[in-house]
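One letter stands for each residue in the lines below.
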Amino acid sequence: MFNGLTLGALLVLVAMGLTIIFGTLGVVNFAHGALYAVGAYAGFVTYEYTGSFVAAMAAGAIFLLVVGVVIERGLIRLYYQRPPEDQILVTFGITIVLVEAIRAVFGGLARNIPAPSWAAGIVNLRVTLYPTYRIDVLAIVGVSLVLLYLVLYRTRLGLIVRAGIEDQLMVNILGINVTRTFLTVFGLGAMAAGFAGVINAPIVTVTPDMGADILVQSFVVVVIGGVGSFWGAVVGGLIAGEILSLTAMIQPAYSQVMLFAVMALVLILRPQGLFGVEGRQ
Amino acid sequence: MEGERIVAQHKKNRVSRRRVLQGAAAAAGTLPLIRAPYAFAADETIGNWPAGAKGSSVFIGVSTPLTGPYSADGEDNLKGYQLAFEHLNEGAGLVPHVPSLAGKKGVLGKKIVYKNGDTQTNPNVAVQLQTEYITQDKAIMITGCLASNEAIALEKLAQRYRVLNMVGCSGANETTGVDCQKYAFRSQPSAYMAARALAPVLGKVIGKNKKAIYLVPDYAYGHSVEQSTGEFTEKLLGWKSLGSQVYPFAKTSDYSSYLLNIANSGADVFVNVAFGGEAVASCKQAKQFGILDKMKMVVPNISAFQGKELGPEIMGGVYGTMDFWWTLSETNPLAKIFVDTFYAKFKYRPSWPAHIAYTQTMVWADAVTRAKTFDPRKVIAALEAGHKLQMPLGEVWYRKEDHQQVRAVPVVVGKTKAEMRNDDDLFKIVGLTPGPEVMPPDFLGCKMPTNA
Chain U
25 MFNGLTLGAL LVLVAMGLTI IFGTLGVVNF AHGALYAVGA YAGFVTYEYT GSFVAAMAAG
85 AIFLLVVGVV IERGLIRLYY QRPPEDQILV TFGITIVLVE AIRAVFGGLA RNIPAPSWAA
145 GIVNLRVTLY PTYRIDVLAI VGVSLVLLYL VLYRTRLGLI VRAGIEDQLM VNILGINVTR
205 TFLTVFGLGA MAAGFAGVIN APIVTVTPDM GADILVQSFV VVVIGGVGSF WGAVVGGLIA
265 GEILSLTAMI QPAYSQVMLF AVMALVLILR PQGLFGVEGR Q
Chain W
4 MEGERIVAQH KKNRVSRRRV LQGAAAAAGT LPLIRAPYAF AADETIGNWP AGAKGSSVFI
64 GVSTPLTGPY SADGEDNLKG YQLAFEHLNE GAGLVPHVPS LAGKKGVLGK KIVYKNGDTQ
124 TNPNVAVQLQ TEYITQDKAI MITGCLASNE AIALEKLAQR YRVLNMVGCS GANETTGVDC
184 QKYAFRSQPS AYMAARALAP VLGKVIGKNK KAIYLVPDYA YGHSVEQSTG EFTEKLLGWK
244 SLGSQVYPFA KTSDYSSYLL NIANSGADVF VNVAFGGEAV ASCKQAKQFG ILDKMKMVVP
304 NISAFQGKEL GPEIMGGVYG TMDFWWTLSE TNPLAKIFVD TFYAKFKYRP SWPAHIAYTQ
364 TMVWADAVTR AKTFDPRKVI AALEAGHKLQ MPLGEVWYRK EDHQQVRAVP VVVGKTKAEM
424 RNDDDLFKIV GLTPGPEVMP PDFLGCKMPT NA
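Here the protein sequences come in this chain order: U and W. Using the numbering used here, the first residue of the first sequence is number 25, and each one after it goes up by one. Using the numbering used here, the first residue of the second sequence is number 4, and each one after it goes up by one.
These aren't lab readings, by the way, just hints derived from the structure by calculation. Do not take every clue at face value.
Stated by the list, open to error - Computed beta-carbon distance windows for the label pairs:
#	chain 1	residue 1	chain 2	residue 2	range
1	U	V121	W	K243	37 to 43 Å
2	U	R150	W	L239	35 to 41 Å
3	W	R163	U	A277	27 to 33 Å
4	U	E72	W	V433	32 to 38 Å
5	W	E135	U	A277	29 to 35 Å
6	W	K350	U	M25	48 to 54 Å
7	W	N267	U	V90	39 to 45 Å
8	U	V121	W	T138	48 to 54 Å
9	W	A105	U	A277	26 to 32 Å
10	U	A277	W	V433	47 to 53 Å
11	W	V433	U	V121	31 to 37 Å
12	U	A277	W	Q139	35 to 41 Å
13	U	L181	W	Y346	53 to 59 Å
14	U	A125	W	Q139	26 to 32 Å
Ideal Cβ placement from N, Cα and C applies to all residues, glycine included.
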């Protein structure tokens, strides 16, 4: 149960970037997994040079903000008015380019970022022993979500982003520079992915393909929670984490199947997702 | 009295044996007359023969995973093939040491050309790739794969197209067991052979009557290894299995849910069947969950770069088997040639997927040369003949009943940081169990047809 919470927290973080981009820009970002991997590698390089996990976290986030901005200006910008199939293809293409670039530079062998010294070790939770780092991850994710929440709900930028999610055309008519907002949103989304990559690196291994399965799971989270919804991503992520960990305790082989079964159920009973609004693009 | 009787019997037998031989010779004299029509039939086309062997070169289709959880192993595997093809084309490396090949360039004078593709650790993609190589490029032999589900799918493909398949890396029992095919040959030890070699060592270092729990990827390989390791540790050591945690193959990178169950199982031994990138991630997480402090970890089949990726902090003291480990080059001169030439070309010491690729290609070239043709039926017969060949592991040959290579199985233990002499010196070979001692006597359900 507790493990589901930490598992879910990581999913929330990755899914959050996905849902913001999807909700505001209407772009199904298949490159999200690759951005997550790039973030992990940026963190890895920083860690190798500085030996500091905090620096690695910062580097992962900032580097990805830059990468996100470059990708948005260079490519995604041209695809806002194109059909979704084109957007899927171009982001999928970005994935291939990024992943192969990583492979060319770092090779296929798994790299390692150890858990920071303040979070190494194991905690005795009475019922079970549990790695300290995974508990700290809960706190890290919690803090980042609060920050993101403040940005989205307490700032002017957030207001525009949320308005953009609801009605893009109206925001335009009101004379707000949507282009710049879109750029910021894509950058923020990429940053969330990169940050999640570094946070996850001490748990999983850093490999070029590390984004592939996390991408699928975060899409499931977004679908369960509802596209473009902050709370949807949070609740969806936690639900997905619990499904994965509870099913694994009873019948390990079915944990992934259960995840998709629940997603199918949500799609049938509430197609817009738990927190989604009907008809939203 | 008894002795005289035996000698008398023996003399009598010798006479009758000679008579039999005479009779056989007489029969053989008339044989060509009877065989003539069939000899013509044997020259009919089959698979890509003779079309694929008409030019000055022959094509080999190579498929290895370059992405997905087994990509690091697949990369090593591919390099082994590249080195073998280069050596065969130039008459270098082990070629001068294989009697049939010594002094020759190419195979039957033909240059080897190849294409390779990325299977993405996915059997469907592997089949797609090799189908193209067989139909478009007229492959005379196909090879490569890392996951057993790829191996089994390719075996069936090879059988359907009547093209020889020298199976790449595959540890599942089914590959040369229930799913064995006339056109497929495997050199890696099956899960059965690995477990048979490993169990006695585990008895010595961990002890008898222990409780074990398994982490198992959900496909042929995982279940095979769990079953065979369970069987021998139970039979020989009195170990008891507390069950297994089965996870979906190539779908997850977080094993916490499974590892929590393992951590709380009360077992003495944690048998980690995960392979490749999955083995690396799950071992690392097992350490974080404190499992490695509480239990002894055993990895029945250690992945190519598991030692390097996890380091001695995690792999030190872990027992398992490997198809090959480079320190064999310190005792075997042929292994030294392989390791040194590989190091010169690729700047690192080869791991075992490269060894499988390299030696298996040499064994194939030897069989083709002895058969004097690329006709797969005759090459199969040459491979089935039990011809013994000196290779980096010592003497190797194939069994005709299941097409499994009879070869020594190295049992290894991870070195600690203090024991390592260089960055690649990650394992110590604690035993080299001779092939014949570990072969499954019942062929694990393989029913090999007589005719190709």
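Quick rundown of the hints versus the structure:
{"no.": "1", "hint": "U/V121 to W/K243: 37 to 43 Å", "result": "51 Å, violated"}
{"no.": "2", "hint": "U/R150 to W/L239: 35 to 41 Å", "result": "38 Å, holds"}
{"no.": "3", "hint": "W/R163 to U/A277: 27 to 33 Å", "result": "31 Å, holds"}
{"no.": "4", "hint": "U/E72 to W/V433: 32 to 38 Å", "result": "34 Å, holds"}
{"no.": "5", "hint": "W/E135 to U/A277: 29 to 35 Å", "result": "33 Å, holds"}
{"no.": "6", "hint": "W/K350 to U/M25: 48 to 54 Å", "result": "49 Å, holds"}
{"no.": "7", "hint": "W/N267 to U/V90: 39 to 45 Å", "result": "44 Å, holds"}
{"no.": "8", "hint": "U/V121 to W/T138: 48 to 54 Å", "result": "31 Å, violated"}
{"no.": "9", "hint": "W/A105 to U/A277: 26 to 32 Å", "result": "52 Å, violated"}
{"no.": "10", "hint": "U/A277 to W/V433: 47 to 53 Å", "result": "34 Å, violated"}
{"no.": "11", "hint": "W/V433 to U/V121: 31 to 37 Å", "result": "46 Å, violated"}
{"no.": "12", "hint": "U/A277 to W/Q139: 35 to 41 Å", "result": "38 Å, holds"}
{"no.": "13", "hint": "U/L181 to W/Y346: 53 to 59 Å", "result": "56 Å, holds"}
{"no.": "14", "hint": "U/A125 to W/Q139: 26 to 32 Å", "result": "30 Å, holds"}
In this structure, the earlier hints numbered 1, 8, 9, 10 and 11 are contradicted, and the remaining ones agree with it.
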